[in-house]
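Two independent chains are provided; combine them into the complex using the hints.
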Amino acid sequence: MNALTHSSKFATMLNVFGRVAALAVIFIGFGFIVPDFAFFTAGNVENILMQSAVYAMCALGATMVIITAGIDLSAGSMIALAMVITAMILNVDGSQGPMVETYPTLWPIVAIAGGMLAGTCVGLTNGLLITSLRLVPFIVTLGTLQAIRGLAKGVADNQEISPPTNWLYHQLMFPVQGRTFNWQIVPWGVWATLVAALFAAALMRYTRLGRWIYAVGSNADTARLCGVPVLRTKIMVYAMAGAFAGLAGVLEFSKLNLGQPTGAVMYELYVIAACVIGGTSLMGGVGSIFGSVIGALIIGTLNAGAQQAGWPKWVQEIVIGAIIILAIALDQLRHRRKA
Amino acid sequence: MIQPTYSNLLSMRDVSKRFGPTVALDGVDLTLKQGEILALIGENGAGKSTLMKVLSGAHPPDRGQMQLAGQPYMPRNPMDARQARVAMIYQELSIAPDLTVMENIMLGVEPMRTPACLGIIDWPKMRSVAKQALEQIGHPEIAPDACAGDLPIAQQQLVEIARSIALGCKVLVLDEPTSSLAKQDIDKLFAMLDQLRKQGLGMIYISHFLEEVRQISDRFTVLRDGASVGEGITAQSDNAQIIRMMVGRDVRDLYPRSTHIAGEALLELKAVAGNTKPKRASLTLHRGEVLGIAGLVGAGRTEMLRAIFGLDAIQSGQVRLATYSGHATPAKRWAQSAGMVSEDRKTEGLALGLSIADNTTLSDLKGLGPMGLVLPSRQQQATLPWIQKLKLKCESPAQAVEALSGGNQQKVAIARLLHHDVDLLLLDEPTRGVDIGSKAQIYQLIDELALGDGSRKPRAILLVSSYLPELLGVCDRIAVMSRGVLGEARDVSQWTEHELMMEATGQA
Chain A
1 MNALTHSSKF ATMLNVFGRV AALAVIFIGF GFIVPDFAFF TAGNVENILM QSAVYAMCAL
61 GATMVIITAG IDLSAGSMIA LAMVITAMIL NVDGSQGPMV ETYPTLWPIV AIAGGMLAGT
121 CVGLTNGLLI TSLRLVPFIV TLGTLQAIRG LAKGVADNQE ISPPTNWLYH QLMFPVQGRT
181 FNWQIVPWGV WATLVAALFA AALMRYTRLG RWIYAVGSNA DTARLCGVPV LRTKIMVYAM
241 AGAFAGLAGV LEFSKLNLGQ PTGAVMYELY VIAACVIGGT SLMGGVGSIF GSVIGALIIG
301 TLNAGAQQAG WPKWVQEIVI GAIIILAIAL DQLRHRRKA
Chain B
1001 MIQPTYSNLL SMRDVSKRFG PTVALDGVDL TLKQGEILAL IGENGAGKST LMKVLSGAHP
1061 PDRGQMQLAG QPYMPRNPMD ARQARVAMIY QELSIAPDLT VMENIMLGVE PMRTPACLGI
1121 IDWPKMRSVA KQALEQIGHP EIAPDACAGD LPIAQQQLVE IARSIALGCK VLVLDEPTSS
1181 LAKQDIDKLF AMLDQLRKQG LGMIYISHFL EEVRQISDRF TVLRDGASVG EGITAQSDNA
1241 QIIRMMVGRD VRDLYPRSTH IAGEALLELK AVAGNTKPKR ASLTLHRGEV LGIAGLVGAG
1301 RTEMLRAIFG LDAIQSGQVR LATYSGHATP AKRWAQSAGM VSEDRKTEGL ALGLSIADNT
1361 TLSDLKGLGP MGLVLPSRQQ QATLPWIQKL KLKCESPAQA VEALSGGNQQ KVAIARLLHH
1421 DVDLLLLDEP TRGVDIGSKA QIYQLIDELA LGDGSRKPRA ILLVSSYLPE LLGVCDRIAV
1481 MSRGVLGEAR DVSQWTEHEL MMEATGQA
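Which chain is which? The protein sequence lines are A and B, in order.
Numbers 1 to 339, taken from the working numbering, label the letters of the first sequence in order.
Numbers 1001 to 1508, taken from the working numbering, label the letters of the second sequence in order.
For reference, chain B alone in the conformation it holds in the complex (with noise of 0.2 Å):
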């Protein structure tokens, strides 16, 4: 496919947005050259997705030029967007799960048969579109006929960036593409971008994971409080150099360590079996120490969390909390002093169209009122030492969670369980799309949780995580998940990435 080379694929100069008296965007300068992929990096709320919306037509820019191709370009509407061939890949994908593969393919520019005002749709040469935009993106093992929603999510995100493929897309805006991916599927997905990058396709990776920035993008661009602050070649520059860009000061100390002392044994499982998964787990959770789950996507860690928790049955093998044994129900781990943070926090941690304060105190609303009463000001009352503690950034506890970035949200299903005051905390993905600010924030909690001090005493932690670093920084002990079972928990100086790694995928 031969096409022809400008300097600039997209420019933007000066790109500005402001909603009511918030500045989503206050000056955004960026460049993307043909057949490249730029890395997009900053913290949640950094104004990243505003940036996405301004280029999908969602919202039109207040200020500032646009230029695709040589030509301007100002899309009042994601149609126009559309038209002018760029293309967005969302985190939420957006399949219509009953259609078939070929269906969404071509969703909206079904092929007609002559004459196309009777409406009739072309199946042969929808069928064959399809098929060759599958193969362009090196996926032909994906059946035009299958049914969307029968497919695992790695594939239905092939399946909307073969959409795109299909409409002959010039510019692919991918949204942290790989937040709900295994290993496996990353390295799939990122063999994937670099034949699109070959055929000479620009593409945006907005991301906040900096080894993928690192391994995938050629260049890199860096967003700040909606102004772009910096910008590099990825291969010329280290992490240490694009966080100081991110956060505008250096982050030392990512993972606070303090040296915890283990208490009596709170948490004990013994040979755990759910319905299909865990297939066997057994582990031992002291007071005052964090204990790190590993393991690939779909392993079956967070079905151990839950069936810990009470959501899940449990076929066989045992759960004791403290001195508690018997059948568990969410109520009743909260009664025995052990709360969970999901690791979906829109679907199931959080009741995003409440408030803070509702949320924070959902698990424990006694004592907020007279006569088993619950007071809305004695809600938000109790909510506030929480917020000031996390750094929580919010207008009130009345705010709605919605209204939160990503990375305040999490703080918020943390919250529950310091107001709750929990012994046991089961953090699933805790840091999952929080900016790396908060993060740390997050680590330096664990530490402070597991430690205890005069007034408190020390905390236990059990960690599942799929990111490999922070297991490694903030974790006791770690063990590995791998097709449900788990494997023995040792201490975090015996492991390294690459180990963690090997009995993950099952080759040690």
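The shape of chain A in the complex, shown without the other chains (with noise of 0.2 Å):
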């Protein structure tokens, strides 16, 4: 018996090593596409992490959601939602002038917990629209991403909304390594989705819920025999998919200290691609929050790899496109060949 519980773990742990080696090979491949070695330099590796915690932060939910299997094509415009409502939140005055000056430390919290809360809102709103109705996650999430950028652009009034400068702009993403080496090694922002993923992690694994949301995507049936109340997981799954979104905003935004309606359109699409080449199945029932991670860090070496390749954008997004199809029918030929 011991001998497959170890051949088990060994197995899982050729599943993430398999990853990080496709991840190492992208991001050494393009090491030497790009001129000057300018790839491998540290203010490129930590470029590529900001990029990629935006993704990793927002595929945390959505690896949920796709385990329950579901899917989440709102992820884009949540993500939106979130960087406007953080924007006019910093933006708010107070009868002593803006909030964000007389408060600056507290009134950013205000603003992360806002963009928050936007997302779960949303999420909230998919999950109940998906249990009350019985429509397909796909159809719903379809029509609320197009509804939820269209409220993004509202609120915003179409503008881009650009608060006074604040410590979300200045800590949560902006670049620590110049010259010379920081100890911070990342800006915050990186290391919070590191501490996401960590929560997310421990909630799939140690959690009853982690186990309902793994059961409900393996067999409804079953999980509702069982006693699992499984719409009431569906709801809870979509709606921690908004608040991850919400917060992958908030990163978005401390990006450029600004809030976009009209920002990170086709996110979902990069998120999905990160939770599939992660090795979570469509079908659900099957996924991990870590290669979901490595899924993330894959999509922004491959988008930060070509678009410092100098090819033309077309050429970016044919590469960019392969590249995804080729990861996951590997995946699918090792799985196969295991069977």
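Hints listed in this document are in silico derivations from the structure and should not be mistaken for laboratory results.
Accuracy of the hints is not assured; some may be wrong.
Said to hold, decoys possible - In silico DMTMM-like pairs for lysine to aspartate or glutamate, Cα to Cα no more than 25 Å straight-line:
1) B:K1131 - B:E1103
2) B:K1332 - A:D221
3) B:K1366 - A:D221
4) B:K1346 - A:D221
Written out as structure tokens, the structure reads:
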């Protein structure tokens, strides 16, 4: 019996190792394509980590959704809405001038909470629509993909919102690697993503809700038979996906200190690709948080590499698309051979 | 139809197949003559499905020879097998539910108008070929234009057989074709197989049910642990002989029976009616009692269990479980110490992709870690005693359920009720598709649970089964459901198989 426990642990390790190896190959590959070895600099690695952090943060929730055999297409729009709401809260004027200047430490925290709450509300709406109207998640979130983008534009009055400068901009996603080494290594936003990932992974692995999420995705009828509150579990999952998308919106906002209602377009597709590259099955029941984080890093590296290789935009797009398909095909092939 | 005769239509010699370290087939010898039905018998995991996959070309064998109609037969893929006119009817039907009957019959071999390169379907020809195939199997009443998904399961199976006939198959392999059929449909199926036998077709009939084997087959071959261990002429062998070959030992006392002492009433149904079924069901089940529910497939037995467990709504009537009689949901029922084993373990009973430990503990994840957390290691620990108790063959509690054989999967579904330590067990066809060794263990367990011991009070068991010997073997009382109406429960000594059947078909 011990033999299998070990061999299945070994298989899991091999799974993780394979993905890390793929990430390394892509990174090193672009390192040689990009002129002057500029890809290997600390500043560039930091840049990739910052961009990947946005995808990864959002992918934490998306992984849970996909494990329940659902899908969330509204992630990009939720990120845009969260950016706008965060910016608007930072712009609020109090009696003694801008609130962010009266409470320089506290007020940005309120803004973070606001962005996260905005995402959570949208996610909750997704979950309620899916469960109460018994519609497939693809259709509901295809609808909210449009509707929330519209809402973000309407709330922002079709403008980019530029609040006064604040610590979100200086600390959360501001590069720390200049000429000299900095012990913070990466911006706080990247650390925050790592902490959120550990939280999400623990939730999936060590809590009842986590077991329920896997069970609902693996076989919803069995889950119901076993007394699992299937609908409530789904609502929770979409709400959490909204919360993580909201946090991803805060990160995206912090990069430029700008609330862009037209930002984060197509991010939902990067995020879904990150999950799938990370080994999450669109059929549900299978997947891991760490796989998705590695998937997000792969997507981030691909984007940065293709951009810096100096290829025209259309070549970048074709190359990234091809690599995503290749990565997933290789993974499937490996699984099939194992079976 | 005149066909040349060969001494053997199909023969296999020393066919072997291994998957990595596992030996699936280890020297199978088998012969099939024209115009005969050969029963292939064996416990789950004996290698029947692997043998079928070798025949169909899905898994080429590592060793051994096969001959078809005097020619070497070595299919490398299912297309080869099809061209050699060897057809398979799997347990899981492969019907395209949205296509019509004739489209299903002619799927992949659609007749074309000339010139064929234009790919225009010759509909009149398609219809006539399909009609002819349906006539040949003796079921001209199935309309070629009907939507296949609208047909009952039994007719969908006939459509699949008609597909093989339209292809002109010489060898037809059927894998437990009766597993989802009601009694009348089984009789119809057997009449049809008999007709095909007279037309000279050779058939391999895979089944667990010795009664069926006896009824339909001319000869039998027994598989055990991947090897053919015996064969014979059905009419000249008795069941005990065949069972001995299957399990490699005597299975005496298949139905252990202790004297159960009925305690207080745990479950009471008063004129319960569901949305369509059941129409009227009343019963009382006591602690320490095994109550059997007999009846035809579709009589409303499963619906009654689902209504009791809160999976389906109740229209009228009352269900009382111990002291509770309000609205029921599965979660509430578990909390009230009731558990259910679904008749359909693949689509409802088990989450196949998840581990044994996850499936066993899913309904009760409390106490598996500090602060309400659920630690996978504790889940596995909690599962181990049940694996041992039920003699569940697996590599570890972390193994995915889909890797287990049918009998062992069923043990996982039952282990869930033991883990939850329920007082009331609702078992819907708990031994369907389960090998005879596991069946004996399940009967033993039911007996033990109803008996109780010093540390645990007796439990109450409601057992729905279509297998009459099993009901008569393990139940204390039996009630029959006919067309949605549950009859009176009578002591098992007052029933015979014949009487149960008469009441089930509404002739009593």
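Verification of the hints:
1. B:K1131 - B:E1103: holds, 11 Å
2. B:K1332 - A:D221: Cα-Cα ~16 Å, so holds.
3. B:K1366 - A:D221: holds, 21 Å
4. B:K1346 - A:D221: Given that 25 Å is the threshold and the Cα spacing comes to 10 Å, the pair holds.
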